[in-house]
Amino acid sequence: MKDKIPEFYLHEQSIALRTFLPVLHEHFPHSNPLYNRLQAPHNLPSRHCVFAATFPPSPGSALSVPEIYTILFADRSRHEESQIWAFNPLVTHLSPLSEREQNTLSSHLVSAIHFLRALTIPSAPGWPFSPVLRFACVHQSMTQSFRAITESTNSISRITTWNSWMIPTSPLSSAPQESQSKLPAGFTLSRVPEEQLDIVLSTSEIKRQPSTYLVLPSVGVLNESGKLAAWGYIGIDGSLATLYVLPGYRGRGLATRVAMELLRRLARGEYADLGYAGSSGWVHADVKMGNEGSEGVMRALGGEVSWVSSYLWVDGDRF
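Just so we're aligned, residue 1 is where the sequence shown starts under UniProt numbering, counting upward by one.
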């Protein structure tokens, strides 16, 4: 018996934040990427972001959430970046899912693709949108469903896979502030200088626009000449992102130093003025499989691999 294709409903932004966040809070850490992405300060009214779920909005406290649902966020105007984050509680079940569960998840994703392709937002920046839907932080169970529903049309045009590390931030909030003296002589900590953003852009495998980086929390290590040697950011979905050390400076513990400082500040609410309160108690990081240096940093932060995530593009015209 085929699963009934669920229907997606648009939710007004302020109502979505009031209703979605408590629902997602029940499923940490799996829901952490979407929980944070919903609250990103980048979600300005002028961007016409999409807040949607497979249950309709309801006034007051009358919201009725089914046992199985999908909540999604999309900013389709981000043509060169990840656009879509989604959560379904089935991803919290033991993997692999049963055939019934996998089919249910697949039906939700089929509906999500059709829903997003049918949306018309003429006043959004960059309209008309590209037919390519760019999904981020896709849990391995969702990836399996995406592969199944696109197999006949070969409509996944790009996919990269990562180990998704989950790091609890409460132990870091009480960690003592590291002193500059723990850096190599002549090196200093700083926010990433705007005029040096080009090197960040050129070394990041997950592409983001300069305008995105400029409003993200960051920590950089500057060498004696004031040039970047290492850096890291809190991503648009609250992740530890773009952690990088230039080849000539590796082996000195700079990546761990940057990451620890970023997460310590986040956990203490020091980025709240930028719109990143760090209130979920978790940070996630997508690390390329086999990247031993980054894996060592994650372990130093108290992180563990929780699942395999993917970033994938679905060509809506071929779906």
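Rather than coming from a laboratory, the hints here were simulated on the basis of the structure. Just so you know, even glycine gets a beta-carbon here, dropped at the ideal spot from N, CA and C. The reader is advised that the hints may include incorrect statements.
[To be verified] If you anchor each label on the Cβ, the simulated ranges turn out as follows:
no., residue 1, residue 2, range
1, 305, 281, 13 to 21 Å
2, 120, 173, 42 to 50 Å
3, 268, 182, 13 to 21 Å
Now for the hints, and whether the structure bears them out:
Under the hint 13 to 21 Å, the C-beta atoms of residue 305 and residue 281, about 18 Å apart, fit the expected range. Restraint check, residue 120 to residue 173: a C-beta distance of roughly 44 Å satisfies the suggested window 42 to 50 Å. Between residue 268 and residue 182 the CB atoms are about 18 Å apart, so this pair conforms to the stated range of 13 to 21 Å.
The structure meets every hint from the earlier list without exception.
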